[in-house]
Structure formats: structure tokens, C-alpha cells
Amino acid sequence: MLIGISLISFFIMHLAPGDITASESAFNPKASEESRQKLRALYNLDKPLITQYGLWLKRIVKLDFGNSFASHQRPVLWETKDDKGNVTKGMIQDALPITLMINLIGLIIIFVLSIFLGVVSAVNQNRWPDRLITVIVFIGFAIPGFWLALLLMYWTGVTHSWLPISGLHSAGYEKMGQIAQYLDLFKHLILPVFVSSLGGLASISLYVRNGMLDVLQQEFITTARAKGLTENKVVYGHALRNTLLPLITIVGLSIPGLIGGSVIGESIFAISGMGKLFFDAVLMRDFPVVMGILTIGSVLTLFGNLIADIGYAWADPRIRRGITN
Amino acid sequence: MYFKYIFLFFVLLNLTSCSDKKEVAYNYDGTFNSEKGGTLIDAMSGEPSNLISMIAGDSASSAISGNIFNKLIKYDKNLELAPEIAEKWTISSDQKTITFYLKKNLKWSDGHDLTSEDVFFTWKLVTDDKTRTPYGSDYKLVDRAEVPDLHTFRVVYKKAYAPALDSWATLQILPKHILKDEDINRTFFSRKPVGSSYYKLAQWVNGEKLTLEASPSSVMGEPNISNLTSRFIPDTSSQFLELIADNIDLMNINPIQFARVIPSKPDLKNKLALYKELGNSYTYLGFNSKHLPFNDIKVRQAINYAIDKQEIIDGVLLGLGEPVASPYKPGTRWSNRTLHPYPYDKNQALKLLREAGFNDTNHDGILEKDGKPFTFEILTNQNKQREMTAVLIQRRLKDVGIDVKIRVIEWASFVNQFIKTGDFDAVILGWSLSLDPDQYNIWHSSQQKPGQFNFIGYNNKEVDQLLEEGRTELNPDKREKIYHAFSKILLRDSPVIYLYAGYGLTAMSKRIKGIESPTPPAGIAYNSYEWFIPSTVRRNEIAQ
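Protein sequence lines, in the order shown, are assigned to chains A and B.
Going by this note's numbering, the letters in the first sequence line up with residues 134 to 458, in that order.
Going by this note's numbering, the letters in the second sequence line up with residues 59 to 602, in that order.
Keep in mind the hints are simulated off the structure, nothing from the lab.
Since the model is a prediction, treat every value here as computed from it, not as a measurement.
Among the hints, a few may not be true.
What the hints assert, rightly or not - Subject to a maximum C-alpha distance of 27 Å in a straight line, what follows is the list of computed DSSO-like cross-link-like pairs (lysine-lysine):
hint, chain 1, residue 1, chain 2, residue 2
1, A, Lys217, B, Lys507
2, B, Lys507, A, Lys171
3, A, Lys180, B, Lys238
4, A, Lys214, B, Lys188
5, A, Lys171, B, Lys182
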């Protein structure tokens, strides 16, 4: 499966015209065509595609993601140490933690808020709270993220100086105490997380709302009400738990998304995460980086599917029985 | 009931995010004496890739490494060659040998002596086949390099090569004592350089910022501003927000910000100074001379008359640019003052097109020749200014009966599928207004193979000869005559139409003082080591 995915991505990537030697800065009369050919040979770009793929595969089975084609030649995945003890950090190693953090916080906020909004909508179906929530989540979904981001940056950063505008750390970050550092990071994260989670609210809250409506019409809910349970117990104790089952699949499928950042969001907030890394690598035709990120992404996709299946079986006895029978 | 919690959430958010930052009203006016210290913060769109400039090739890297490393010679504020670490240089009478005499007592920032051995070592590196540099070709023309003593460096060329001096004004000298046993392509030195110039690297946080501090052993003397911090902010709108919030001191801005946004806001006008200087490149419309009908000089000239360059400068650059008539920076000695751009003259254009055999025989508003309508495609890459320029050209050419289509293509595809294969009618692109007048690679008829730079297929014997002559003449006065003659033929032939040279626009906090006015040809940054920040208007660095 993985070989199939990597083979297809490798060939699609090479379908795009050009390679690292055709970047904009190389369009310089001082740079001769011979030296570009020399570079191509150094990176094996002059070999047939299938040979290049073979070379890549040979390295990747040893978990060697190689070095970037860019002139800094940094390792793609993880840090290396030279004989003098200088450590060069890996590109993914640098970019992943921050993207993971933003996406994880974003995901938690999305799910918590969506469940809350979805339940409120379902319970108040077709009354004003439902309508209001639907309108708000759809505005959030439809609003262009970069535009909202710039407006919020201007409002909270320039007119009021409540929040920092861009980046992850303030100028004197190194001199701050531990708590001040966390608070500083927290302030820098508010806007990026807010903007990145806004778009996800709509689909999941509607999912919860509709699931909830389905469940509320089932007979065991009627039974529960007939038993004389309070409405809160009916909604949160019985209906919600059944509504949450399909969400397990969505969580599982969101796992690969955790390492993919948004290019526009990261550029605007000056956060050097995975989205920007991948986008720049594609523009530069930095193949080792592109392939490295795609490989990790496809591993996580397969892993996420597995987790979703297992989680579903764990949570729902009907599925478990289906497996054993 | 829920709304109580939502309200509480917002109250909490407000509490935690309340900032202790106060709006400080600085008084930037008045006279200040230059003093040392302070930090200048600027914004960069890209992160430097590698601080060894012969390998890097990106502009962010060279902006940083230029503050760390020295060259033998440099361009001064009038863009004439001047000493840097060489105190003088001599050229032999056969013009084949150049001897550089280094200043005495030069030091690297780690205390080692900087000698001509280091220069020789750097030349060895840049010409080594194992070095991954695209810039080796100029230095490979050196037949023999010698180090007669520790303060002298001599190069002997097989035949006189005029751009040689320019090449020595760009090669940054690297320390032999650190790099002699290192693999230059992989060395950690590219992230932890040791240089000899004004600044040394203090801190580099990947994806975030890079800080330089004044180097006490700088061979150039001590700069006034102690620290330079570059923050990496890819998006220029975000950079601008940081600038108006006073978190950065300096950035390049676009014509709208320069001509509209900042002048219309008094508070911004009070704290920001605006500078414009002629940039280092020009934008052109280039024809594929191998495609009909662009092989006809009359057609190219007609299109040149039909395009209103001032309209493009006003529309695309809001007036912040200049028309050029030669590929050299106006105001420098290489630019021929007697030449003027083709004026906008629709009738002249129509006359020339008729002479070239184009007539609107079927009265559909489009000219025809031999029954075929005059229609062609302008290609350009994803660059807003070039796209807008293409639209203005399209409209002007429609006026004279030429049907133009516009196609915008991503850069790598553009180069590989169209430029290299020669599969295009016309392109809008830019060339640099080079400091050395040699443009052999761009205009000589031998430079038309795929991947070479005369991709428009320009072919003129007279120009070939002038370019060859100019390459072997090191005397500036004689070179000036050669390149003035070359520019004149180029303008007449119109293989490309010079559209505009845009200004580089800078907005700078008024706390930075000592900027030379009026702006010299080399631009404001040439004396940045003399800039200073008076202590009364510095950012409160402790509070940060």
C-alpha cells in the first residue's frame, strides 16, 4: 500500500516541469548552464525516473529521508551531528511541533465547541438558537481565513495592542521567566488557533446536530422519557453518547490532517510550520522534502483509518459482535 | 444559560490578553548626534538558506552575508569600483594581470589574521568542480592565481577579461583556517559563519529570526547600530502591520502603501520616513526573433511606438518608476544619456506596420498580412505587476489592430516549457540593471542554446563585435564608448521593449538617523553602518 502511494506521488511530482535548478534565483546570467547540469548530476536528476525512485526507496526503507536539495542541505526529517558536535536540525523536526500544537488545540476546540453547538441546535430545533448557531457557523465557514486574520491582527494588534501580530515569540522571549514564556506563547497562539478552527466548526456541529436529531427520534429515547428521566439526563446521558459514535471516524480521519498546516495561515502569522514547508518545497521542486512529507502523511492516513476502525469497535458493542460472529 | 458561560469566556480572554504595552510617544524630530548602540529590526520575506554566498544564491542569504563577509573591492555610492579589503589594485599593460594589495592587520572575527592566502583559498573553492556553486564560470577564466606575499594576490587571465573586476567585487572572502578541511557543501559554517566585516552572527532561530551583533574586530571599523535583527515574515501585509505597530523599523513596501496608505494617515506620516531609489532591474517585453513576424525590425519598432510606457508606469507603479532606454541604470556612466525611449506615437506605429505589409483588408479591426491576422500571445509568470502591464499593452496594441492574448504561468513551468524550448511569441520578464556593463550572456548571438540567456534569439553582428570588444577592455573610459554604441543599436533594433525600471520603496521608522539625502545611485543602504538610533528614541529593550 505504502509503496503504491509513494510511487504515485513520486511520479506525479516529477510530472511537474522543472527541477531545483530552475528556481527564480537561478535565472541569473552569471549562472551558467554547465553548472546547472553539474548540479543536476549531483542530485541524480539526470537519471531515468525509475532509477531515481529506486534510489529513494533504497534510502527510505532504512528510514533515511535524505537531505534537502536547497543550498542549506538540511536533513529532511531529523537532526544530524557533524564530527565537531554541531547539530543541524531536521526541517520536519523544526516545523512539526508547532503545526501539531496548533492543529491539536484547534481540533479539541472544534470538537468541544461543535458538540456543544450541535446539541443546542438539535434540542432547540428550528427555534432561534438553532437558526442563530447555523448562521454563525456558516459565516465562520464561508469567511476567507486570510482576510479575517488580517482584520483581527489589525484590530487586536495595531489599534489595541492586546495581542501580538505575528510570529510565535516576542522580542525578549529568551530573557523571560518560565511562566511569562508560556503566557507569551499562549498570546501568540490565540489568533492562529482561532482562525484555523473557525472553518471546521460548521461541518462537525451540523454533523452532531443531525445525528442528535436522528437519535432523539428513536424509541429508546421515548422509553427514557417515559421512565420519567429529566430532559438533561435524556439528552446528555442517553442521546449524546449514541450521537458521538460516528464522530470516532471523523477523529480518526483527522489524524493525518494534524501534520498538514495551512499555507496561507502560516504565511500570514509568520509561523514556519508544515504547510509553508511543503508549499515552498513544491515551488522549489525540492523533491526529498516533498516526498518526506507525503510519506509521513500517507503513513498517518493508513494509521488513522486503523485507529478509527479499532475505536469504533471499542465503543460500539454491535460492531464488536459483528467481528466475532 | 449557555450565554452566561460564553460571556464569561470572553471576559477571561480579555483579562489574559490585556497587555502591559503602552503607546509611547517618541519625539523623532530635532537634531541628534551620532551614537553607538541600539537594535534595528527589519522584516524579510524569506529565510536565508546558506550564509556562504557562493553557494546560496537567494537574496535573503546575500543580504545577511554581505554584513558578515568582505570582498576585495566594492562599488561605492556612485557605483564606481572602490577599495574594500584591498587598499588598491593594479592592471598590467596587456590587461591580463590584476594585482590586489591587501590592507595590513586584517583580522577575522575569531582573531586570526586575514591574508591573501584566504583570498587564494576562496578562489580555489569557487573554481573547484566539487563546489556546488552556479557562479564559478567567471573565476575559471583565471589562468593562474598567485600569492607573492601575505598582502598581495595576483590573478593572470588567458586573455583580458573586463568583467573580472566586477567578479572580484562580488566574491566574499572565506577563512582558510576554518574551512580548509571541510566539505564546503555540507559544512556547518554555513549556519555559524566567521567573517571579517561589520557584524557577526549572534543568534539564528529557524523560521523566526536572525540577529547580528557588531563585531569588535571588524576590519571596516565599528558600525553605529549594535544589533541587526531580521524577522522572517513571509506575508508582506503582516510585515506592514508589524511596521505600523512599531514592532519593526524597516521594510520594503509596495507603490500603494508608498503613495496612498502612508501619506493619508497622519500618525503613520509622523513615525515613518519614506525613501525611493531606482531599483536594480527593469521590466521588458521581449520578442521571439525566430517567430514571424517578430524577425522584422519594423514590426518590433511599431509595437514599441504603440506602447505608452508612461501609462504603464502611472497605472502599474503609481508613477513610482522610470522609463529606460538602455539596459543600464540611469545616472551611471554606462547609461547613454543621448538615448530616449520610443515616444507613444500611434500613427508612426501604423505607418511602420503598413510598411511591413500589414493591412486591415477585411475591416474587422485586426491587421492582416498574406491573409493571416496579426495575433500573438504574451507570456509572463505569476507577478501582479507584470500581469497588469500585459493588460495595458493588450489594450494599446488593440488600438493599432494587433490582437494580443495573455497567459500567466508558474515560474518553473514557464522556464522549462516555454523559455528553454523557445516556444513563445513574446514574454514580459525582467533583467537586472547590471553594475558591470558586460551583457554578453544576454545579447550575444552565440548564447541561444537551451538554458542560455539569449532566448529571444537576438542576432546582430555589430552588437556581437561590440560585446566581444567590451569584454576585453578594462579601461573604463574606452568601455563607456563601446557600451554607449551597443545601447544605441539595441534601442534601434528593439529586440526587447524597455517598459520600466521601478523604484525600490522603503519605509523606515524615523528613529533611524543618519540616512544620506538625496539618495545616492547606490541606494540608501550603502552607508547603513553609519546609521544610528539616538538613545532617547530607542525601543525600551528591558521591557521587551
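The hints, checked one at a time:
{"no.": "1", "hint": "A:Lys217 / B:Lys507", "result": "45 Å, violated"}
{"no.": "2", "hint": "B:Lys507 / A:Lys171", "result": "17 Å, holds"}
{"no.": "3", "hint": "A:Lys180 / B:Lys238", "result": "32 Å, violated"}
{"no.": "4", "hint": "A:Lys214 / B:Lys188", "result": "22 Å, holds"}
{"no.": "5", "hint": "A:Lys171 / B:Lys182", "result": "18 Å, holds"}
Hints 1 and 3 from the list above are not met by this structure, while the remaining hints are.
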